[in-house]
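In this note's numbering, the protein residues as written are -6 to 361.
Hints are computed from structural coordinates only; laboratory data are not their basis. A portion of the hints provided could be inaccurate.
[To be verified] Straight line, CA to CA, 30 Å or less: simulated BS3-like cross-link-like pairs of lysine-lysine: (1) Lys69 to Lys54; (2) Lys106 to Lys19; (3) Lys58 to Lys43; (4) Lys106 to Lys54; (5) Lys297 to Lys231; (6) Lys194 to Lys231; (7) Lys304 to Lys231.
[Said to hold, decoys possible] Computed spacing ranges between beta-carbons, pair by pair: (8) Gly53 to His293: 43 to 53 Å; (9) Asp90 to Glu262: 14 to 24 Å; (10) Glu228 to His293: 25 to 35 Å; (11) Lys358 to Glu40: 21 to 31 Å.
Predicted model only: the values in this text are computed from it and were never measured. Even glycine gets a Cβ: it sits at the ideal position worked out from N, Cα and C.
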Amino acid sequence: MFIDNVELTLSSGKGGAGAVSFRQEKFVLKGGPDGGDGGRGGDVWFEVDKNSHTLSSFRGKNHLKAKNGRPGEGRKKYGKKGESLTVVVPPGTQVLDAESGEVLLDLVEDGEKVKFLEGGKGGLGNWHFRSSTNQRPTYAQPGLPGESRRVRLELKLIADVGLVGFPNVGKSTLISTISNATPEVANYEFTTLTPKLGVVKIDTYQAFVMADIPGIIEGASDGRGLGLDFLRHIERTKFLLFMIDIANYRPLEEQYDVLKKELANFSQELGGRHFAIALTRADALGEEEVVSKTEAFLKHLDLKPERGENKYHFDERFPAFVQSFDFSGQLAEEKPFFVAPISSISGINIDALRFALNDVVQRAKEAQ
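The whole structure should be built from the sequences, with the hints applied where relevant.
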């Protein structure tokens, strides 16, 4: 089961108490104090592991606690330090305060390890409290309590390209066609119930990661549908690919305007992310109808349709729009990087799509 949001309490260990002890040996009368210190309580750490993909390991758990330190012993023996608790999370996990919502940690890099809560200090044994006026102290310090915090863990998948579209417009079909992802594909809405990641391989040295989320519907920003719950997973993406169904009963313009509106309502930053547009299921219509609908849509966006030879070799039978993406990562006038009809089933413009997305991702990485 895909779990991307859990709430739990984390506690570090309590320090062990110091010992009250007096030296007792044969032929040694009235031995002095020799109580040792208590051990420190265990710390709480977060560690990022790329082999972990969800937060499902925390399902059903409400309280995770490090071990307490052991009390001190006679002969000035220190108590054993409490065992630390290491919370292993996948890359992209944020740790938030459960009450205020403040982001406490943003864990992205594989292998990253961060101390979150400090264990309580062990108490001093009575050996520390000896003096010329108190040669037989019967007092030792108790250990200090550990720290405790109620937190919420939120997973935001890390991908280069995020797919955005209505339900059943071909997002899962595309990601299964061009990547190693194997999502369920069926002819009904909301087939995709959880986010999926896929690696799109270009050649031996180049690849990028694509994220597919459940479809977005109108009113998602008000809580309708499934997509809004998972939009956090494309907040980290460098680029968005709008998937608009050219054979759908909804006009292309309506689909595009609704998606842009819902993204902006969820996050102004996400609503302003650089993007491209793929007009899906081009094989479901005749060639003339695809051309007519594409040209009308480009006119709606105030873009000039182009046909013929282009950098990414989009199919010359259909109009498309492609603009330059400079090395500063800026798209001219916030227009889409490209607009083109595609078909994952018949392969229309699929290779061109892969190369165009890879180009924009690589240039965005260089600009960072």
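**Request:** Take a quick look at whether Lys194 and Lys231 sit within 30 Å of each other, Cα to Cα.
**Result:** holds (17 Å)
**Item:** 30 Å Cα cutoff - pair Lys304, Lys231
**Value:** holds (22 Å)
**Asked** Given the hint that Lys69 pairs with Lys54, does the C-alpha gap stay at or below 30 Å?
**Response** Given that 30 Å is the threshold and the Cα spacing comes to 39 Å, the pair is violated.
**Request:** Verify the proposed pairing of Lys58 with Lys43, using a straight-line Cα cut of 30 Å.
**Result:** Holds: Lys58 and Lys43 sit about 24 Å apart, inside 30 Å.
**Item:** Hint consistency between Lys297 and Lys231 [alpha-carbon to alpha-carbon, up to 30 Å]
**Value:** Holds: Lys297 and Lys231 sit about 25 Å apart, inside 30 Å.
**Asked** Between Lys106 and Lys54, does the CA-CA distance stay at or below 30 Å?
**Response** It holds: about 22 Å lies between the C-alpha atoms, which stays within 30 Å.
**Asked** Honestly, do Lys358 and Glu40 meet the 21 to 31 Å range at C-beta?
**Response** holds (26 Å)
**Prompt:** Is it true that Glu228 and His293 lie within 25 to 35 Å of each other by Cβ?
**Reply:** holds (28 Å)
**Request:** Just tell me: holds or violated, for the beta carbon distance of Asp90 and Glu262 against 14 to 24 Å?
**Result:** Given range 14 to 24 Å: holds, Cβ gap about 21 Å.
**Prompt:** Is it true that the CA of Lys106 sits at most 30 Å from the CA of Lys19?
**Reply:** violated (50 Å)
**Request:** For Gly53 and His293, compare the CB-CB distance with the range 43 to 53 Å and indicate the outcome.
**Result:** Given about 50 Å between the Cβ atoms, the range holds.
In the structure shown, a violation is registered for the earlier hints numbered 1, 2, in ascending order.
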